[in-house]
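Chemist: The chain contents come next:
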Amino acid sequence: MQILLDLFYVLIFPGFLFCAVVGLLLAGIDRKIVARMQKRMGPPIVQPFYDFFKLLGKETIIPHAASRGVFIAAPLLGLVSLVVMALFIPVFGFTAFSGVADLIVILYLLTIPAAAIIVGGAASGSPYAGVGISREMVAIVAYELPLIIVLLTVGKKAALDGGITFSFTEIQAYQAEFGSMLSHWSMIPAAVAMLLVIPSEVGSHPFDVAEAETEICEGPLVEYSGSLLGIYKLNHAIKMFILTALFAALFLGGAGSGILIVDVLLLLLICTVVTILSMSLPHAISARLKVEKMFKFYWTLVTVLAVISLVLVWMGF
Amino acid sequence: MFKKIIDNSMAKSPWIYHINTGSCNGCDIELVSVITPRYDAERMGFKLTGTPRHADIVVVSGPVTSQSKERLVRTLAQVPEPRVIVSLGSCPRPCNVFKGSYSVEGPLDKFCEVDVSVAGCTPKPEAIIDGLALAAQILKEKRRQK
Amino acid sequence: MIIANYIGAVLLMFLGLYTIIMKKHLIKIVMGMCLMDYGVNLLIVSIGFNPGGTAPIFTISELDPGAFFVDPVPQALTLTSIVIGACVMAMALSIVIKIKQKYKTLDAGRIRRLNG
Amino acid sequence: MIQHFPILSIMSLFLGSFLIVIFGGKNRFIRNSLAVLFSAIPLVLICCLIKPILIDGEIFSYWMGDWEPVSGFAIGIGLEVDALSLFFALLVVLTIFLAAVFSLKYMSRDDALDKYYTLFLMLGGGVLGLVLSGDLFNMYIMVEILTFASVALTAFRNWGKGSLEAAFKYLVVGSIGSAFILTGVILIYAQVHTLSLAQISALLATEGLTPATIFGFALLFAGYATKAYIVPFHPVAADAYMTAPSSISMVFSGMVNKAGIYGMIRLVYMVFQAMSQSAMQYIIVILGCLTMFIGVTMALSQHDFKRLLAFHSISQIGYVLTAVGLATALGISGGLYHALNHTLFKGLLFLCAGAVFYSVGSTDLDKLGGLAKKMPQTTIIFLIGAFSISGLPPFNGFMSKWMIYQAAYEKAALEGSFFYALVTIVGLLVSVLTLASFIKVTQSVFFGQLAPGCEKAKEVPFSMRWPMWLMAILCVLTGLFPGFVNRYLVVPASAAAIDTTGYIDAMMGAGYGQQLGLSPETALSLEYELTGYWDPIAWLVLFVVLLAGLMISLGLGKASRGPVRRPVPADPKYDTFFGGEASQHSHVGGSDLFWGLKHNLRHYFRFMHSMHSGVVNDYALWTVAGTAVIILFMILFL
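Read top to bottom, the protein sequences are chains U, S, B and A.
In this text, residue positions in the first sequence follow the numbering used here: the first is 1, and each later residue adds one.
In this text, residue positions in the second sequence follow the numbering used here: the first is 1001, and each later residue adds one.
In this text, residue positions in the third sequence follow the numbering used here: the first is 2001, and each later residue adds one.
In this text, residue positions in the fourth sequence follow the numbering used here: the first is 3001, and each later residue adds one.
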């Protein structure tokens, strides 16, 4: 019975099916909102589903220069780690598997999908992919610094007796008791920093230096086609959900209503709002940054925001 | 059912790769205007991609010059099946005013099977959208026949 | 008297370090290493020295609680250290010879293919 | 019988080296079998000691020639094996054995191999003697032996680029370090008139630290730091690891710098018992952070495979040092765990570099490329090693780094010190940079287009592959079963590191410490509570379930789509997309990667490049200056 329940967790509810559907929907909402902001009609909200299923029906070409095994395994690896992450991130009071992972684990798991893109791109043997993975790696280094600081800030803030915690359960418990993190003014800079980190972690528009289709032919994905490309697109969508849900868990958590369905709907609402704020808005209003500008942006402005929060929290505010 | 979903998705998410084989740039500008807010082809799922590996519809503009012939053939080969080839403007098929030039190898039909031809010098954006929509339907048919 | 030993030992060590750091000639650098070794050896024997003590050579019958002799342990340590020093010198000089054959120079400033 | 095992294992390595001198010159078979035999004996002997020492918690003391202490004074030379010693000894014998096996084929194209194995076994004997010794001067002798052997082995391939100059630099800096150790030993001897570690520890604890002992301690600390190659003593390590044969580089990073770390742990925790002072913690943590940051940033700008790995070695030692310097139970455990992991994955990576060198003949990142198609197994092994060192879960590097971050951040909360919070941030950042530089290697050696000159590359023979596979499997196992490793290896070793009284009593007779007025309880408790969760097994099960599900769904998907076809040669469809041009060799090499990062940090990189000038005088200067700073700091604040 327990095994069946676990399988249900893994494959259906917080796991694969749920986060795939929600992720694709979020991607659709993002595209629609951006289109509306640019006074366009925009594609239907289910457009990412069409894209994904179409890619499943296309031919998959594996070029000569590619290392076949790694080329095929890389997108699957990214997908698996994303689904695993979805199981660890709490939906208010509910977690599928509690007590098996914490903030630092999530931080490292988040690098796996990016590493999957990089390794897959490298394995495809294209020079465009070479440039792309170089940019992707610089992007990772750029956003990882503020992300680390934000997570440590939350870990310090959520501990009750002057200690620290990395556990999601305790972070939720803290927010249930003292109100969500966002209601503490010292955490607001960290929240803003996190909002700025999300688009580059997802690879959304102003920060999609790695997949710049107009300059380097989609970068690491240049040689991917068919279902493998579809899995990458799915990864991209799931990542949107994971990161917005992470934001919700870190900054807008709490006890929730106690009814799972209501909690999930609330989470979806938060995810949508965060998506619009952190991804659609920058996408619609700004052009793609150059990679060195992006690096500078994250290591100066965003890091400073995160550090302000960290210092405030350490001073006891 | 799975198969049917895929078939239907084919027509609703055609991604375009654009090859210029010596065009005067007129058609290219018109193609770009198709995805601007005024005409907004994205509402039908059209999207410009950066690599032939991702493409469903290949849009070829310009008479096929001897310089671009080899590149055209190679790039077309790299597009995964099922694929649809659209000739844009008057140049690719009848070679327009460039016919007979020493450097024109056209027409495009010599190198591949053209599914849709949008005529005009340059074609209006509405015509291009019409042609692309037709191409999307052909894509679905090709998928179904396979 | 013994203080002169200490001063001498420290001077030798610093002279050795100075030579290693400032001199660009490889042979001189090896000489600096030697000097440093000698300084340390001098320090060791000086530490074991008791003014007025006899040599620490006794048979069991001669050994009585009142015997006053220099500490034998540092002398043993010095011997070991000298042997090691000699080995290291031999190794250093043989490497210097090979470097001369290969690089055609003994200038430390030019023997820097591995950098950065 | 079993109490003779430590000395026998040391002696078998030295004996093997002498026997190879005598018998190994003529016959290849005798030489190889002697080398493998005499590196396998210590492995067996040390493994026999696991049960009594690591599990039952005994401490073995062994007086050479039965010269036991007379009226509370250690007059003989002693071996003392506690769990900490045995932990490092296990790393040593494992590394020695695997490196010996790997060498059989890897070195088979060189001549004068009897000298190679002689020096090789001598190096192993030196390190093993160092970690098992209970005598301060004996430790110095072993340091000298290992320095001597490593210098000779660095210069072994003297036809290679720069191996002679690397050996010379190594020798100069190494002998400065050895001279500092010897001076320190003799200064301590002048104060306490004994060389036994246990007795020094007892006497210093009762008499307290005088300026002279602090001076001696600082010299010893700096000397062993030179052997561990922490910043600023590190540039020679990069040169030596790069130019030595790969099997030797593995030995260097697997055990020689661990010997330095062992010496430092032994000194600061046990002999001088200085870790309770916050000044001592600060200097070790600062040195550790500098080491890991400078190491990893230097690695980012390298364009030689082995030199890059060498700088990573330095950087990972920084992690170990930082963790050890935190002086909390979790910190020591994390540090020792990381030392174990570092031996495994760095040995693995050096062996991969060796395999690449064996089949291509170069380790220059700009000349290699696309080897994944020629050497698939090596590629997989390399990826395991690279993911382990970058700390991706569920590999072993993650586990130890995770413990280190928690220890550092907990320490920060415990002391209310913002400094340790910064240490945590630096640690996490360095981990990302590590990933970055391994991406660079992955791209420029194994993936991308096949470089000209690599066409003839073949997979390495089985005798080279199985040590690599063994280490790769160990990497995965130590990552998957951290509870087991912690319980049987790491926690006993960290308990031994702080159990001074037990160590003294085992050597000098029970109750020796109390007679001198030492209190029996240890300074730290080993009970620690993790502030987070991580259960690799649950994760692995999920992973397998998901992967299986995905495979099945992909298989179902195939039915509707037709199979994924194998590439057909000469069909342009399967060529790399070049914007329509014909496929040609256009590989993005290692030094072209990470432009944005390098551009933004160009001043830093330029400064670092000029610091690592390659001139031996400069390196000697960094060594002396670093020592001077350490001495000054300790005299002022200790």
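The hints are simulated quantities; they were obtained by calculation from the structure and are not laboratory data.
Cβ atoms here follow ideal geometry from the backbone N, Cα and C, with glycine treated the same way.
It is possible that part of the hints are untrue.
[Stated by the list, open to error] Over 12 Å on every C-beta distance to chain U, these chain S residues come out as not near it, computed from the model:
no., residue
1, Lys1003
2, Ile1006
3, Thr1036
4, Arg1071
[Claimed, not checked] Computed spacing ranges between beta-carbons, pair by pair:
no., chain 1, residue 1, chain 2, residue 2, range
5, B, Ser2094, U, Thr300, 38 to 46 Å
6, B, Phe2069, A, Ile3022, 40 to 48 Å
7, A, His3609, U, Thr300, 20 to 28 Å
8, B, Phe2049, A, Leu3632, 38 to 46 Å
9, A, Lys3161, B, Gln2075, 23 to 31 Å
10, B, Cys2087, A, Phe3637, 48 to 56 Å
11, A, Ala3548, S, Val1032, 54 to 62 Å
12, U, Asp161, B, Phe2049, 57 to 65 Å
13, U, Asp161, A, Leu3037, 54 to 62 Å
14, B, Asp2107, A, Leu3414, 31 to 39 Å
15, A, Phe3637, B, Phe2049, 30 to 38 Å
Chemist: State for each hint whether it applies.
Modeler: Hint by hint, here is what the structure shows:
1. Look at Lys1003/S: its CB is around 8 Å from the nearest CB on chain U, not clear of 12 Å, so calling it non-interface is violated.
2. Not every Cβ of chain U is farther than 12 Å from the Cβ of Ile1006/S; the closest lies at roughly 4 Å, contradicting the non-interface assignment.
3. Against chain U, the non-interface label of Thr1036/S is violated: not every CB pair exceeds 12 Å, the least being about 8 Å.
4. The Cβ of Arg1071/S sits about 14 Å from the closest Cβ of chain U, beyond the 12 Å cut-off, so the non-interface label holds.
5. The supplied range of 38 to 46 Å is broken by Ser2094/B and Thr300/U, whose beta-carbon atoms lie about 54 Å from each other.
6. Between Phe2069/B and Ile3022/A the beta carbon distance is about 41 Å. The supplied range of 40 to 48 Å therefore holds.
7. Checked against the hint of 20 to 28 Å, the C-beta distance between His3609/A and Thr300/U comes to roughly 24 Å, which is consistent with it.
8. The hinted window of 38 to 46 Å between Phe2049/B and Leu3632/A is violated, with their beta carbons roughly 30 Å apart.
9. For the pair Lys3161/A and Gln2075/B, the supplied restraint of 23 to 31 Å is violated, since their beta-carbon distance comes to about 45 Å.
10. Against the hinted window of 48 to 56 Å, the Cβ-Cβ separation of Cys2087/B and Phe3637/A comes to about 38 Å, which falls outside the hint.
11. With their beta carbons about 46 Å apart, Ala3548/A and Val1032/S fall outside the hinted range of 54 to 62 Å.
12. Checked against the hint of 57 to 65 Å, the C-beta distance between Asp161/U and Phe2049/B comes to roughly 60 Å, which is consistent with it.
13. Distance hint for Asp161/U and Leu3037/A: a CB-CB separation of about 58 Å, consistent with the stated range 54 to 62 Å.
14. Restraint check, Asp2107/B to Leu3414/A: a C-beta distance of roughly 53 Å breaks the suggested window 31 to 39 Å.
15. Roughly 33 Å separates the CB atoms of Phe3637/A and Phe2049/B, a value that falls within the hinted 30 to 38 Å.
Consistency with the previously given hints fails for numbers 1, 2, 3, 5, 8, 9, 10, 11 and 14, ordered from lowest to highest.
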